[in-house]
Amino acid sequence: MQADVVTLGTLGAQAESTKSVDMATRFHLRTWLWLLLLSPVVLLLFCAVLPELFQLHDPQHQNLRARLLPPWSTSSDGFHPFGTDSLGRDLYSQMVEGTRLTLTIAVVATAIGGTLGVLVGLISGYFGGWLDRFLSRLSEAQTAMPMFLVAILLLSLLGPSVTILLIVLPTLLWPIFARVVRAESMRLKESLFIEAAIAVGCSPMRLLRSHMLPNIAPRILVLAVIEVGHVMLAEAGLSFLGVGVQPPDVTWGLLIAGGRPLLAVAWWLTILPGVLLAMTVLIFNLFGRQFERFSGAAG
Amino acid sequence: MSSPLLEVRDLRTEFRTRDGVVRAVNSISFDLGAGEALGFVGESGSGKSVTALSILQLFGPFTDAQIGGQVLYDGRDLLKLRGNQMRKIRGREIGMIFQDPLTSLNPLMPVGQQVAECIRLHESVSRDMATRRATELLELVGIPDPKNRFNDLPHSFSGGMRQRIMIAIAVACKPRILIADEPTTALDVTVQAQILLLLNDLQRELGMALIMISHDFGVVAATCDRVNVMYGGRIVEHAYTEELFRSANHPYTEGLLKLVPSLEQRRGEQLVPISGQPPDVFNMPPGCSFAPRCPHVVDLCNEKQPELTVLGPAHGSACWMAEQRRLPR
Numbered sequence: 001m002q003a004d005v006v007t008l009g010t011l012g013a014q015a016e017s018t019k020s021v022d023m024a025t026r027f028h029l030r031t032w033l034w035l036l037l038l039s040p041v042v043l044l045l046f047c048a049v050l051p052e053l054f055q056l057h058d059p060q061h062q063n064l065r066a067r068l069l070p071p072w073s074t075s076s077d078g079f080h081p082f083g084t085d086s087l088g089r090d091l092y093s094q095m096v097e098g099t100r101l102t103l104t105i106a107v108v109a110t111a112i113g114g115t116l117g118v119l120v121g122l123i124s125g126y127f128g129g130w131l132d133r134f135l136s137r138l139s140e141a142q143t144a145m146p147m148f149l150v151a152i153l154l155l156s157l158l159g160p161s162v163t164i165l166l167i168v169l170p171t172l173l174w175p176i177f178a179r180v181v182r183a184e185s186m187r188l189k190e191s192l193f194i195e196a197a198i199a200v201g202c203s204p205m206r207l208l209r210s211h212m213l214p215n216i217a218p219r220i221l222v223l224a225v226i227e228v229g230h231v232m233l234a235e236a237g238l239s240f241l242g243v244g245v246q247p248p249d250v251t252w253g254l255l256i257a258g259g260r261p262l263l264a265v266a267w268w269l270t271i272l273p274g275v276l277l278a279m280t281v282l283i284f285n286l287f288g289r290q291f292e293r294f295s296g297a298a299g
Numbered sequence: 001m002s003s004p005l006l007e008v009r010d011l012r013t014e015f016r017t018r019d020g021v022v023r024a025v026n027s028i029s030f031d032l033g034a035g036e037a038l039g040f041v042g043e044s045g046s047g048k049s050v051t052a053l054s055i056l057q058l059f060g061p062f063t064d065a066q067i068g069g070q071v072l073y074d075g076r077d078l079l080k081l082r083g084n085q086m087r088k089i090r091g092r093e094i095g096m097i098f099q100d101p102l103t104s105l106n107p108l109m110p111v112g113q114q115v116a117e118c119i120r121l122h123e124s125v126s127r128d129m130a131t132r133r134a135t136e137l138l139e140l141v142g143i144p145d146p147k148n149r150f151n152d153l154p155h156s157f158s159g160g161m162r163q164r165i166m167i168a169i170a171v172a173c174k175p176r177i178l179i180a181d182e183p184t185t186a187l188d189v190t191v192q193a194q195i196l197l198l199l200n201d202l203q204r205e206l207g208m209a210l211i212m213i214s215h216d217f218g219v220v221a222a223t224c225d226r227v228n229v230m231y232g233g234r235i236v237e238h239a240y241t242e243e244l245f246r247s248a249n250h251p252y253t254e255g256l257l258k259l260v261p262s263l264e265q266r267r268g269e270q271l272v273p274i275s276g277q278p279p280d281v282f283n284m285p286p287g288c289s290f291a292p293r294c295p296h297v298v299d300l301c302n303e304k305q306p307e308l309t310v311l312g313p314a315h316g317s318a319c320w321m322a323e324q325r326r327l328p329r
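Sequences listed follow chains A and B, in order. Going by the working numbering, 186 is the number at position 186 of the first sequence; the sequence numbering is gapless. Going by the working numbering, 135 is the number at position 135 of the second sequence; the sequence numbering is gapless.
Bear in mind the hints are in silico, worked out from the structure with no lab data behind them. Note that the coordinates shown come from a computational prediction; the quantities given were computed from them, not determined experimentally. Heads up, the beta-carbon is just placed ideally off N, CA and C, and yes, glycines get one too. Any given hint might turn out to be false.
[What the hints assert, rightly or not] Computed cross-link-like contacts, DMTMM-like style, restricted to lysine to aspartate or glutamate with a CA-CA straight-line distance of at most 25 Å:
#1 B/K88 to B/D74
#2 B/K88 to A/E190
#3 B/K80 to B/D128
#4 B/K88 to B/D64
#5 B/K174 to B/E136
#6 B/K80 to A/E195
#7 B/K80 to B/D64
#8 B/K304 to B/E323
#9 B/K174 to A/E140
#10 B/K80 to B/D100
#11 B/K80 to B/E7
#12 B/K88 to A/E195
[Unchecked claim] Partial pick of chain A residues on the chain B-facing surface, computed with a CB cut under 7 Å:
#13 S39
#14 L135
#15 P160
#16 F193
#17 A196
#18 A199
#19 M205
#20 L207
#21 H211
#22 P214
#23 N215
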């Protein structure tokens with residue numbers, strides 16, 4: 001009898017210790033992964049807010065004697081880690097400068113499109129019926145159209161500008177948010193706590209705002225982070241085609257476009273901003289996925 | 001009993017579905033006096049929950065539920081009220097508790113705030129005042145250390161505690177009627193007893209009327225003055241609780257009572273199940289809906305729907321054989 005108790009006790013202790021070791025390593029891995037993903041995002045944010053802190057040169061300063069210098073070279077102005085363009089401007093400093101507008105457009109467009117999509121999704125998921133059918137058909141119709149081409153058409157008709165871009169990009173985005181939020185709110189509205197909230201006299205608006213929305217918010221946030229990456233790509237595409245941001249404003253997409261005719265002579269003008277764009281989109285994607293896993297585990 | 005607080009007359013609730021019309025509640029009438037406890041008993045699908053939901057019209061927008069008849073609360077027909085007016089009834093005049101306390105609280109809102117929300121929805125009080133009253137309510141329903149637990153999320157409470165919180169929300173505005181839809185079904189027996197006791201205490205303290213819905217005769221016997229037995233969307237028998245236990249008239253009630261296990265039962269002695277299945281909701285029998293399962297069925301049962309036969313001051317039974325089955329006193 002006594003022996004049994006002892007054995008059980010030690011077994012329990014062993015199980016406990018292996019479990020805690022497991023938890024510790026997992027915690028470390030997770031923390032490192034977070035830092036790994038978070039640091040580039042923070043760095044980019046700093047670049048966007050305080051570009052002067054990182055720039056080696058004035059990004060608009062021209063020096064015709066230092067044209068098309070390859071990466072890692074030095075001119076009379078100083079060191080050019082990423083080389084210079086056809087007017088002798090420092091590519092690295094231009095890339096830092098472009099961060100601000102690239103990120104701003106991506107974040108603002110996602111915020112506008114996301115808000116719109118969330119509203120539509122909540123309403124059509126919660127109320128259902130003809131309203132839902134109408135809104136769903138609308139978003140399906142829009143998804144069926146080649147929206148990138150429509151965006152090009154609109155931008156070339158209305159004239160390219162950042163404002164128009166901030167109207168066109170959200171219209172590309174909202175159906176994605178609407179679809180996810182609609183599915184979530186359809187699931188949620190069947191849950192007992194929503195019925196209980198109605199039973200204490202909540203109005204539909206209050207129900208959506210303080211009971212449904214907070215319970216969908218983590219999903220929306222994950223989606224938004226991932227979509228910021230996609231919007232960056234779309235903006236780069238439109239700017240590359242000449243219907244997006246116009247010089248002298250700088251975005252990464254514009255830099256890629258500017259380097260294209262010189263691809264055979266000066267590869268760095270296209271490749272380096274391209275790599276930066278690709279890396280950033282990737283980071284945002286991974287960040288979103290990691291956040292999804294984290295919030296899924298916590299909730 | 002003067003004019004009752006709640007008079008339900010000829011209540012009919014139908015759902016239009018793709019496969020046809022489901023008559024979940026089929027012309028039921030009952031009264032509820034102020035401060036009275038009324039029980040509804042029946043098996044799953046007998047329409048007892050739908051009755052409760054119909055009183056408060058808790059069917060979501062665009063649900064194809066058709067509610068007919070009259071639900072007179074204090075002389076006003078609730079079925080004639082629209083959105084805004086009905087919201088003032090819900091929570092303030094009539095509170096409701098649901099079956100599953102694990103899912104009936106918002107998982108992301110601190111419990112105290114959920115209690116305070118109900119107060120602030122119906123009364124113009126300051127945030128501080130609502131918080132103070134919510135804390136008192138949590139204490140009233142037996143949450144230990146309510147001040148410190150005010151900001152905890154539902155997941156850190158046990159099922160019984162969550163049901164207590166639900167009760168606190170339901171009685172927050174001192175409603176005159178409390179509807180409890182199987183409040184103890186998801187809880188284990190010891191907790192069940194505590195919750196029932198709490199409900200009865202609150203009922204007496206606040207002078208509320210109670211509608212207790214349950215499939216468990218024991219629960220209803222412990223809490224209610226009168227009982228309505230439902231089957232197939234109708235009330236098949238109603239009586240004072242004691243009278244029902246002493247002289248159940250309807251064969252269905254009789255069958256249900258035989259299913260209550262008792263401690264006196266000898267080992268090996270079997271419970272007698274009611275044979276057969278509940279009626280098909282899309283295809284109700286033309287006569288008595290219990291006829292296909294009834295051990296005492298006669299020809300008439302399959303042809304015509306029986307009306308309630310009055311057997312006493314508050315005792316009625318919807319059975320063609322009610323007079324004959326009456327027990328000699």
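Hints violated by the structure (listed by number, smallest first): Hints 3, 9, 10, 13, 14, 15, 19, 20 are the ones this structure does not satisfy, whereas the remaining hints hold.
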